[in-house]
Amino acid sequence: MRIAQGLGLIWLTIAGAAVAQERGPLSAIDWLSESVTPAPPASPTSTAPVTGGVTPEITVQSLDAPSPDIVGLLPSDVTGLPTSLWSQSPESDALAALRATPAPSLPALQELLVQLMLAEAAPPSGAAATGNLFLARVDKLLEMGALDQAQSLIEASDVARPEVFRRWFDASLLTGTEDFACTKLNEMPAIAPTLSTHVFCLARAGDWPAAALVLNNALSLGAVNADEQALLVHFLDPEMDDGDSILPEPTTLTPLEFRMREAVGEAIPTATLPRAFANADLRSMVAWRSQIEAAERLARGGALSENALVGFYTAHIPAASGGIWDRARAVQDFERALATGAETALDALPALYDGAKAARVEVPLARFYAEALVQPDFARSGNAAALEMGLLSPDYESVAALQRPANANSREALLIAVARGQVTEGTPVGGWAGNPFVGPVINGFTLDDTPNAAADLINAGKLGEGLLKAITGAEAALTGDPAALAPALAALRLVGLEDVARRIALQVLLLDRTG
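Numbering (the numbering used here), first residue to last: 11 to 525.
Heads up, a few of these hints could be off.
In silico EDC-like cross-links for lysine to aspartate or glutamate, where the CA-CA straight-line distance does not exceed 16 angstroms [what the hints assert, rightly or not]:
no., residue 1, residue 2
1, 367, 522
2, 194, 165
3, 367, 336
4, 367, 316
5, 194, 168
Quick list of the computed label-pair ranges, beta carbon to beta carbon [to be verified]:
no., residue 1, residue 2, range
6, 471, 216, 35 to 45 angstroms
7, 140, 315, 55 to 65 angstroms
8, 509, 295, 18 to 28 angstroms
9, 390, 140, 28 to 38 angstroms
10, 412, 277, 46 to 56 angstroms
11, 325, 412, 25 to 35 angstroms
12, 329, 132, 35 to 45 angstroms
13, 461, 315, 34 to 44 angstroms
14, 506, 216, 51 to 61 angstroms
15, 345, 295, 21 to 31 angstroms
16, 190, 86, 28 to 38 angstroms
17, 200, 336, 44 to 54 angstroms
18, 336, 394, 37 to 47 angstroms
Worth flagging that the hints you see were computed from the coordinates, not collected in a lab.
Glycine is no exception: its CB is placed at the ideal position from the N, C-alpha and C atoms.
Full structure from sequences and hints, please.
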């Protein structure tokens, strides 16, 4: 038995019952752990009630105190976006726009959204000192599964604020850095951990008797609900289980509950959980197959770098065939072929591209191999996989510049026109019969007078809102409203994001993201 001291009393107390506790809404992310208690309300004062229209003395915060909303990782000279990104938008409008923006499926949209979340910018108009937009930006990164970026953004802020710490703690739980987070918790007396967090951190530090004592005291006070007590007792001593799980099926699983269940051998597969949980399967203790599956899922969502993805594909030698193993083998075969020359590599490229399409990681792999794809031996080879991956790479314009004049009835004519920025109303569209995105793509690069809510926001000085509206519109094009693509592209081009607009258009045409 892992611990002896205190557990006998705990086990007896469980039978005595526990008091159910109601949980209020945590944030826009419904799976956040209740790792810390909310900040206490202001202490009552002796100020008399307001009567006769007399205004009591109020407490104010210095206007010189920087707002958390200004925190960012990418300065304006890196993003090309002005610091007034949000300043002309009322806080409520900026928050509503961000929360209404879906996690995009197109890589170019994912990159733009992450850039917006990480950009240094002035707060919205009338922003509260609590940094509501900062928290919403962190939550959007958590929703996308971009935990590394979320952690870095939080660490650039004040981690000691309870509402900030709880997001950082959850990200730490899923990225395997929970010991550091627990240590930081002990260094911040202003942060009051909840019971589960306190017990978890004591156990992680090896102080099992203290963890048992804390839980025992809570049970004695009736301060633990039934689900929480079952998980905590099982976590402290799984040998008490008689062989059948005593843990109820969770409705909404938090990262803290996920890690506790994992510790007692009742892990829940991350494939059924929000994307952020896939980060837990990147840890070295996880089986290689699960690591690759998680890496692909995160890369699809724009939450994992292409370097990391290829690193997982090449970590070991596949011992089986089919599906994920064929994809790993194709990447490894292409890596070896590159070392022998372009001709051999071109022979291996179609298998890699087919696997990438099956896993929807075409763009990450195109980015990783961009240096090879832009070479004339690849770009002018006539190899369809080489051309398409080249057009999906950051060097799409250079790849297009190397192409010979395309047949007007071929698919390549439109792709090359988009990549070169030469789309006109007369651009040939042969080979695209029945494709619902061709018209909107051409309109997005040629028409400036169509109704455009995103452009209206941009022209009103509300750039952040306008870009979010453009992201939402482009994503809506993939889910049943192709016409929404044209105004989205036009709005991006209006503010000089020509590169983003072209990459979106190429990805809409080349990638299957409608299902």
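Verification of the hints:
About 8 angstroms separates the Cα atoms of residue 367 and residue 522, which keeps this hinted pair within 16 angstroms; it holds. For the suggested pair residue 194 and residue 165, the alpha carbons sit about 12 angstroms apart, so the restraint of at most 16 angstroms is met. Our distance criterion of 16 angstroms between C-alpha atoms is met by residue 367 and residue 336, whose separation comes to about 13 angstroms. For the hint pairing residue 367 with residue 316, the CA-to-CA distance comes to about 15 angstroms; that is within 16 angstroms, so the pair holds.
Of the pairs offered as hints, the one joining residue 194 and residue 168 holds, with about 12 angstroms between alpha carbons and a cut-off of 16 angstroms not exceeded. Remark: the range hint 35 to 45 angstroms for residue 471 to residue 216 is contradicted by a beta-carbon distance near 56 angstroms. For residue 140 and residue 315, the hinted distance range of 55 to 65 angstroms is not satisfied, since their beta carbons lie about 32 angstroms from each other. Restraint check, residue 509 to residue 295: a C-beta distance of roughly 40 angstroms breaks the suggested window 18 to 28 angstroms.
For the hinted restraint 28 to 38 angstroms between residue 390 and residue 140, the CB-CB distance of approximately 57 angstroms leaves it violated. For the pair residue 412 and residue 277, the supplied restraint of 46 to 56 angstroms holds, since their beta-carbon distance comes to about 49 angstroms. At roughly 34 angstroms, the beta carbons of residue 325 and residue 412 sit within the given window of 25 to 35 angstroms. The hinted range of 35 to 45 angstroms is not satisfied by residue 329 and residue 132, whose Cβ atoms lie roughly 54 angstroms apart.
Checked against the hint of 34 to 44 angstroms, the pair residue 461 and residue 315 passes, with Cβ atoms roughly 38 angstroms apart. Our hint of 51 to 61 angstroms for residue 506 and residue 216 holds, since their Cβ atoms are close to 56 angstroms apart. Distance hint check for residue 345 and residue 295: the Cβ-Cβ separation is about 26 angstroms, which falls inside the suggested range of 21 to 31 angstroms. For the pair residue 190 and residue 86, the supplied restraint of 28 to 38 angstroms holds, since their beta-carbon distance comes to about 31 angstroms.
A hinted range of 44 to 54 angstroms for the beta carbons of residue 200 and residue 336 is consistent with their spacing of about 53 angstroms. Checked against the given bound of 37 to 47 angstroms, the beta carbons of residue 336 and residue 394, roughly 19 angstroms apart, lie outside it.
Against the hints set out earlier in the document, violations occur for numbers 6, 7, 8, 9, 12 and 18.
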